[in-house]
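Peer 1: Spelled out, the chains give:
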Amino acid sequence: MAAYVIEQNEQKGSVKLTGDLTAILVPELLAGLRETLNRGARELEFDLAGTTMLDSSGIGLLIATANSLARSGGRVRVTNVCPDIFRLLQSMRLTGRLNVTQKAA
Amino acid sequence: MDSDMNLNLDDELLGEFINESREHLTTIEVDLLAIEEGGENIDLELVNKVFRAAHSIKGASGYFGLTKVKELAHRAETVLDMIRSKKMAPNAEITNLLLAAFDRLREMINRPAASAAADIEELVLDLTGLASSFLPPEKKITLTQTVSLAPEGGGSPVVLSRFDYERSKESGRSLYSVEYDLVHDIERRGVNVLAVFHTLATAGEIVDCEVNFEAVGTLDDAVGNQLPLRLIFATPVQPADIGFLFPHNRNKVHLLLETGLPVGGMPVPERPVEKPLPAAASMPEPLVTESPAPVSPVPAASVPKSSVPEATPTAATVAAERTSAAPAPSAAKPATAPAAQGSATVVEDSIRVNVGTLEMLMNLAGELVLGRNQLRAAIAQGNPRALKTADQRINQITSELQDAVMQTRLQPIGNVFGKFPRLVRDLSASLDKEIQLEIRGRDVALDRTLIESLSDPLTHMVRNSVDHGIESPEDRVRAGKPRQGNIGIDARHEAGQVVVEIADDGRGIDPERIARVALDKGLVTPEKLQGLTAKDKMALIFLPGLSTNHQVSDISGRGVGMDVVKTNLDRLGGKVEIVSTVGRGTTFRIKLPLTLAIIPSLIVSLEGERFAIPQINVEEMRRVVPGQARTRIEVVGGAEVLVLRDRLIPLVRFADVLGVVPTCAAQEPGRREIDRRTRLADRRSPHTQSPGSPLERGSPEEMEGSAASLSATPASPVPGSRALAERKPGDRRRQGGAIEIVVVTTGSQTYGLVVGGFPSFSR
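Keeping their order, the protein sequence lines are chains A and B. Under this note's numbering, the first residue of the first sequence is numbered 1, with each subsequent residue one higher. Under this note's numbering, the first residue of the second sequence is numbered 106, with each subsequent residue one higher.
If you're looking for bench data, these hints aren't it; they were derived computationally from the structure. Among these hints, one or two may not hold up.
[Unchecked claim] If you want the ones that stay clear, here's a sample from chain A, every Cβ over 10 Å from chain B, calculated:
id, residue
1, Gly19
2, Arg39
3, Asp47
4, Asp55
5, Ala64
6, Asp84
7, Lys103
[What the hints assert, rightly or not] Here are some of the chain A residues that sit facing chain B, going by a computed Cβ distance under 10 Å:
id, residue
8, Val26
9, Met53
10, Gly60
11, Asn99
As the structure is a computational prediction, the values presented were derived from the model and not from experiment. We treat Cβ as the ideally placed atom computed from N, Cα and C, and that holds for glycine.
Chain A extracted, bound-state conformation (with noise of 0.2 Å):
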């Protein structure tokens, strides 16, 4: 069951996920996004230490949200990634984009 928790430091959000980063989840995690951006977030942070799965969607909302924060000039970050997904990310070349960096050995 995936399940996500957001917080916010005025600027700074982070995005906690238990669970995989799918389309099952995708829909809700949108709105909890845009309220986050719309209270003024800046940078997000997506902790992805317990998932072992993302999908297109999944993706697809990394992105977006990275474009999102683009034109705030804020930006996107995302944590703790397994590396079957840093290997993923790697290949379509978004770690820069995204600044992805792996889970720690």
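We have chain A already, so just place chain B on it with the hints.
Peer 2: Frame of chain A, contents of chain B only:
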């Protein structure tokens, strides 16, 4: 990407990038030298490691807008790729160039803000020229040119580096353009995107991938509706079978075909490539629109890099030609300058800590909290038994915690040794010497503060060994030695210390010569010289002023002398010894404490204040009882000296050094008076609170990390000090009147510090 947009020096990510890059760069030097040693027998794993390092730096620097870092890393990567694919056999010239490139990368990464102004043109040209010279003539242009490829059956053309294109073609791989939408064409067909990319990575190489970010939109749009991208995919799978890899999207996959003409050049500043490549203007001029103008005035700037030599040069011939070329590329020279630059110490502000150690720290922190709770409960209950248990527990945890924290500070000494292979290689090349360097004990761990401070003294000693120690090959042969000299660097643990030895089999140090030089320079008197052993004479090399008398060369006659080496090591609490045999070689042996964070000390208390004397400086402790004072303490030239075996050691009163007037307890309780007693007999007279034995062992708690605890005044015993509390009156009488002396050595001075006893020893 906007080159400045992402360059914010406070950026945490940039910090991470810098740290990671530095880590990559620390090992590269050693790896490159190992690759060079391997020659034709290429260690693929090692080359891959260096290649990956260059690749990582290239990838991340591009994102941060460090375009010059990216460019240089890319050129180095190309050369490494050619070594990896065995198109190029590594030799000294190639290694020099790569080392120089990585040196420059290190400089730029250490100062990212200034990297845009860094001069990399020459290196870029040399690297490109090198890669080019090892390519078959018709392929030289591929490094600087891009090629336009058209998808079979129509579609927008793809621009790719010609080198990548040729590489794929040579390995029998076809290039495909795949344009699809990850949402519509993958996800909605029930296919897992992770599995798709995994399959592609297994079946070939994703040469490039362009995601259409605009089409994805923002959070205000309907997210998850589309994710279009274009992949450039290289695979040995033939067009007829490519459908197997893209079962649902065969129609989106197109074979890429060359349109015929190169479309342009990569931004490389123009300069004629070195001589082996004769000029030929048959190929089109690469585009240089964004590149800076060449630094040096080059009249033949129009000579294209795509020149075609008559024959493909081999590794050996190219190396020879490059060396003999009149205006040799700077980086192809033995790179002493880059080595020096490379050694410019950048103090690391972060270290890597073993995960196991971190776990241990976490556990101990948890244990400590439990101990504290236990202590608080015991105090609240007033339960002495529980209090004792809590005390023991906290004591144990604290000790373990201290050990664990110390572990985090320990780093392998190999971090310092890493630069020596190159240093020795470059220096021996410039001095025309043949030297084999052997390093042992890279894993020996040492406090990071020590490691940072050890770098310069060790470098100086290694330079000295190369310059003054090892003879020229001809001299060695004449002396009946092998042409190749040996320098061994060895680190090991020994008796709670770290011992580092730098040994050479060179000409050795003649103690008589050192003594003569010292005498000529007026650093020692002839009388003093007479009493010196050979070892003492050798130690004169550490006298300030003597080092300048060595034959000055551009390698070790400048910079710090051996006196400074010794001073630096003294400061670190280390000692250095020399063992040398004329004609056979010299060994410098350095002994260092494991850490500077905890300094085992002798605690001395005087007039209610406690002082710590580092244990490393304490030679021994002597108690001179009244009966022995006459024979043990003498007055020589008006100064008191301690007769210690066959030595006379000057005595210094601790109270005098500190400028305090010693007091003692007066008859009336609680009052102190100036200690006017001058005779040993006074000391023996019964006194209510006469000074107790100055040599008191501290409580177990005090003993932690200290050699012993000396108390010169008993007036304020440390609470809980069992030794003081349990002292028997008889002990005091037995010890009363003794003079307590700590024999202390600092630098070349040894003296007796009188910490307890009478203000005067007059008898």
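Peer 1: Need the list of violated hint numbers for this structure, in ascending order.
Peer 2: Those not satisfied are hints 4, 5, 6.
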